[in-house]
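For reference, the chains in residue letters:
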Amino acid sequence: MKEKEKEKQSLKVVIVGNGKVGFSLAEQLVKEKYDVTIVDMREDSLRRASDALDIMSIRGNGVSAATLADAGAAEADLLVAATNSDEVNMVCCLTAKHMGAKFTIARIRNPEYSMGLNDLKKDLGIDMIINPENATAIEISRLLRFPSAANIETFCRGRVELMGFRIQEGDFMAGKPLYDLSDQVKRLSLLFCAVDREGEVTIPNGSFVPQVGDKLYLVGRPASLDQFFRLLGRYTPKVKDVFIAGGGKVSLYLAAILEKMRMRVKIVEISEERCRHISETFPHTTVICGDGTDQELLESERMSAADAFVALTDRDEDNLIISLYAMQQGVQKVVAKSNRQNYAGIARAVGLDSVISPKLITAAQILQVVRGMQNSQGSVMNTFYRIADGSAEAMEFTVRDTTRHLRTPLKDLHLKNGILLAVIMRGREIIIPEGSSYIQEGDSVILISRGWRILDLNDIYEEEIPMPSAASLNGRG
Amino acid sequence: MNIKLVLKVLGRVELVVAASMALPLACALLYGEDIAPFLWSIAIILCVSLPLSFLPTHSSFFLREGFATVGLIWLFTGVAGGLPFFFNGGGGFNTIWDCIFEASSGFTTTGATILTDIESLPKGILLWRAFTHWLGGMGILVLATALLPSMGVRSHYLAQAESPGPVFSKLVPKQSQTSKILYSIYCVMTAVEVALLKLAGMPFYDALVHAFSTAGTGGFSNRAASVGAYDSAVIDLIIGVFCLLFSINFALYFLVLQRRIWEALKSDELRFFLVVVALATVAIAVDILPQYGSILQSLRYSFFQVASIISTTGFATADYVLWPQTSQYILILLMFCGACAGSTGGGVKCSRMLILLRTIRREIHQIAHPRSVEVVRLEGKVVDENTLRSVLTFIGCYVLILLGAGLIVSLDDVSFSVSFSAALTCLSNVGPGLQEIGPVGSFAEFSPLSKVVLSVTMIAGRLELFPILVLFSRRTWSRS
Numbered sequence: 036m037k038e039k040e041k042e043k044q045s046l047k048v049v050i051v052g053n054g055k056v057g058f059s060l061a062e063q064l065v066k067e068k069y070d071v072t073i074v075d076m077r078e079d080s081l082r083r084a085s086d087a088l089d090i091m092s093i094r095g096n097g098v099s100a101a102t103l104a105d106a107g108a109a110e111a112d113l114l115v116a117a118t119n120s121d122e123v124n125m126v127c128c129l130t131a132k133h134m135g136a137k138f139t140i141a142r143i144r145n146p147e148y149s150m151g152l153n154d155l156k157k158d159l160g161i162d163m164i165i166n167p168e169n170a171t172a173i174e175i176s177r178l179l180r181f182p183s184a185a186n187i188e189t190f191c192r193g194r195v196e197l198m199g200f201r202i203q204e205g206d207f208m209a210g211k212p213l214y215d216l217s218d219q220v221k222r223l224s225l226l227f228c229a230v231d232r233e234g235e236v237t238i239p240n241g242s243f244v245p246q247v248g249d250k251l252y253l254v255g256r257p258a259s260l261d262q263f264f265r266l267l268g269r270y271t272p273k274v275k276d277v278f279i280a281g282g283g284k285v286s287l288y289l290a291a292i293l294e295k296m297r298m299r300v301k302i303v304e305i306s307e308e309r310c311r312h313i314s315e316t317f318p319h320t321t322v323i324c325g326d327g328t329d330q331e332l333l334e335s336e337r338m339s340a341a342d343a344f345v346a347l348t349d350r351d352e353d354n355l356i357i358s359l360y361a362m363q364q365g366v367q368k369v370v371a372k373s374n375r376q377n378y379a380g381i382a383r384a385v386g387l388d389s390v391i392s393p394k395l396i397t398a399a400q401i402l403q404v405v406r407g408m409q410n411s412q413g414s415v416m417n418t419f420y421r422i423a424d425g426s427a428e429a430m431e432f433t434v435r436d437t438t439r440h441l442r443t444p445l446k447d448l449h450l451k452n453g454i455l456l457a458v459i460m461r462g463r464e465i466i467i468p469e470g471s472s473y474i475q476e477g478d479s480v481i482l483i484s485r486g487w488r489i490l491d492l493n494d495i496y497e498e499e500i501p502m503p504s505a506a507s508l509n510g511r512g
Numbered sequence: 266m267n268i269k270l271v272l273k274v275l276g277r278v279e280l281v282v283a284a285s286m287a288l289p290l291a292c293a294l295l296y297g298e299d300i301a302p303f304l305w306s307i308a309i310i311l312c313v314s315l316p317l318s319f320l321p322t323h324s325s326f327f328l329r330e331g332f333a334t335v336g337l338i339w340l341f342t343g344v345a346g347g348l349p350f351f352f353n354g355g356g357g358f359n360t361i362w363d364c365i366f367e368a369s370s371g372f373t374t375t376g377a378t379i380l381t382d383i384e385s386l387p388k389g390i391l392l393w394r395a396f397t398h399w400l401g402g403m404g405i406l407v408l409a410t411a412l413l414p415s416m417g418v419r420s421h422y423l424a425q426a427e428s429p430g431p432v433f434s435k436l437v438p439k440q441s442q443t444s445k446i447l448y449s450i451y452c453v454m455t456a457v458e459v460a461l462l463k464l465a466g467m468p469f470y471d472a473l474v475h476a477f478s479t480a481g482t483g484g485f486s487n488r489a490a491s492v493g494a495y496d497s498a499v500i501d502l503i504i505g506v507f508c509l510l511f512s513i514n515f516a517l518y519f520l521v522l523q524r525r526i527w528e529a530l531k532s533d534e535l536r537f538f539l540v541v542v543a544l545a546t547v548a549i550a551v552d553i554l555p556q557y558g559s560i561l562q563s564l565r566y567s568f569f570q571v572a573s574i575i576s577t578t579g580f581a582t583a584d585y586v587l588w589p590q591t592s593q594y595i596l597i598l599l600m601f602c603g604a605c606a607g608s609t610g611g612g613v614k615c616s617r618m619l620i621l622l623r624t625i626r627r628e629i630h631q632i633a634h635p636r637s638v639e640v641v642r643l644e645g646k647v648v649d650e651n652t653l654r655s656v657l658t659f660i661g662c663y664v665l666i667l668l669g670a671g672l673i674v675s676l677d678d679v680s681f682s683v684s685f686s687a688a689l690t691c692l693s694n695v696g697p698g699l700q701e702i703g704p705v706g707s708f709a710e711f712s713p714l715s716k717v718v719l720s721v722t723m724i725a726g727r728l729e730l731f732p733i734l735v736l737f738s739r740r741t742w743s744r745s
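If you read the sequences in order, they're chains A and B. Terminal number for the first sequence in the working numbering: 512, no gaps in between. Terminal number for the second sequence in the working numbering: 745, no gaps in between.
Take the hints with a grain of salt, since some may be wrong.
[Stated by the list, open to error] Covered stretches of chain A (in silico footprint by chain B; criterion: 3 or more residues with CB under 8 Å from a CB of chain B, positions within the stretch not fixed):
(1) 215 to 226
(2) 419 to 427
[Unchecked claim] Cut-off 25 Å, straight-line C-alpha distance, at most; resulting in silico cross-link-like pairs (SDA-like, lysine to any residue):
(3) Lys-275/A - Ile-632/B
(4) Lys-646/B - Pro-257/A
(5) Lys-275/A - His-630/B
(6) Lys-646/B - Thr-741/B
In case anyone wonders, no lab produced these hints; they're calculated from the structure. Even for Gly, the Cβ is constructed at its ideal location relative to N, Cα and C.
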């Protein structure tokens, strides 16, 4: 363990651009004890960062070789270029790569670049491109495809999904322990993998009693999840009409995805010029020029008749307020964008579950890479999500021959407390593990972890004190 | 305005007109006819245009000059082209007005005629009549820019004023190069048509006349009964198909030459054009079925007439004035709609009709969503608001000029059908109208005033109104 700690410290990360993404990424990396250096032009922003976090800060322009040398780009294991300008980010990665940075990530948001960039990536010295707006749009489109879930993550190319939903008054689940569920539910191949009760996240076992207001996380086949929501009486028909307030980059990416899914999209945007641009790009989208927070306008455009409402204006506050208004108007599915986590908490308290944060999505994407870099020898982490506001993590690993305890039944294994082996994917088969299940080489497994930072599949085993773990006791949902 | 430069360009272009009289001159020599009319005409044109073409000028040439030059050149060409008719006389060329009308009708590819006895005229004169179609179809100025690249002016202003369609675009960066490509495509297609008509049994001379006429989408024939005189289904088909081919945007042929056939076939305007042709053909065929008895016969006559009218050529294989009223009405609609932009055809143009229809759709959408923002598209590209405005203005203007010209023609105390269809057929550069001025009729009976007004209307229609309208604006002529 100590050796690991050392290894972590030796991993050097340079973040260029202390914006929303840069800062929240730094925050997360510092929490995980990496060496973080932030480069930014603005002195006050740097001071705020170094006051709040244990980092080194360098003032200067990210395209300048001298600044990058100062920041230690030559020895950096990872350089993240996340300034406001795509061009600066590209040049920054190119320079850093030449200086010797091992891995570079550039944030590139302009849709016009993202088309041809994959071919250019290598020449520009960029190892990975992150596009927060596009990632957010993909996330939202997933929510619109399955409107019953508050949030949804996919594993193994969509063959397994993880969904969160809130228990409501009158749900048959409320007030009954999980083992008491009807056979109909038990036959479905799904698992209750986490529960969020007033911010307290636990991994439920069979005797867990769900209460109204709990947010439950389910993992399983998409068809089973659909079936479950049908039993719950919460099955909502497919979303056909989507109403989007705000016409920023996320809206553009989202409209592109939704048009492909043959949904009817209506976008309200305040800037006339922007409206024209959207209308030029998307011939089948209705574009309304007006204030998306103006209730009269929303009413005259029959927002209440839409199947889904997505609030994507620039202001988090506006997004939350109009989302609440949309919920009140009876729109089935409401999604709001909010970069501030504390607002998301407030929103959840009043029943608005689908709050999306581009900042967190991006940070999670990068974190996945960082962790992946550390366990290049062990099992490979394919997917990584943070659920329940980051209190728990869900990840997918491929089992390698270096993984220990292969072919040992789960009931004989001692997993760490707070680790749940949720799904085993063997070929095309999807197994919800029982006591007799085991893992073997070539399997993919989905883990839920609360309070542990798992970098390698071998990290899940409790080594020192053998005792029955929560996971092995965890009943089937 | 830089009047001297305008006159200089005018002089040089008229030289091209004089030079082009060499073809009918040669034809007259070949058939042993009187060549005096051509020699006199060439002499007079040279006397006027040679001094003009060497005027000392300074080179400030802008859109205003471009439009005015084009307008003036076409008006003068109408006069210059009429000189051979005047010196020849006979057949119906009684006054100088008749000659100007006939030449304007030729250069604007209208094909309306004041002749009452076509077949009595010498072959040289009839060839010149058809040749004016060919020259006017692609544009005298386009020819001039292809032949004389260094006219000392920014030639794209000229080409812009002369080429039909809402948006002007070059095929290649150089204007003179673009003109050469257009004329090459034009020449090759004409040659193919001559060959096909010859194969179908037409005499070579007739094939040449009809190919020139079809290429310019004009409509002059050397036979009184037009194409109907040959009474051959094959000839009908060849001419009908070539009418349609010449009324498609030439830029599409350029795409085809670049092996981008799929892109060319995807053109909105082309599809719209073909759909209109197909619908009109079927509708008229059904309507005239009782007159012809057999489906094939009625399809043959209906297709030829639809192709001839929508391409604004104006050939006839049947006297459609005797057809049911619905068929005649459909033909009138086709006259208004016209061919594709960037072709040799006239009318409002399909692309403008498409833009109009899509703007109407947008207007209706706007009632449901008063604050919605929607753009109008054509060929997958966004039509900017300026183009949109100019298209709508154009259509409004077109209707006003149509009604105004009709009013003046009505002074001759003719029926509404005659005055309206005369104005429409001239403005759209079609040729025949309804009733007395139908395919077998003639414009001979009109007063000189009507003939002059209709001549100007034809030129306005060919140049898409504005080059002629600017000539009537005081601002065009002011020094500042």
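Hints, verified against the model:
no. : hint                  : in the structure
1   : 215 to 226            : violated (count 0)
2   : 419 to 427            : violated (count 0)
3   : Lys-275/A - Ile-632/B : holds, 23 Å
4   : Lys-646/B - Pro-257/A : violated, 40 Å
5   : Lys-275/A - His-630/B : holds, 20 Å
6   : Lys-646/B - Thr-741/B : violated, 33 Å
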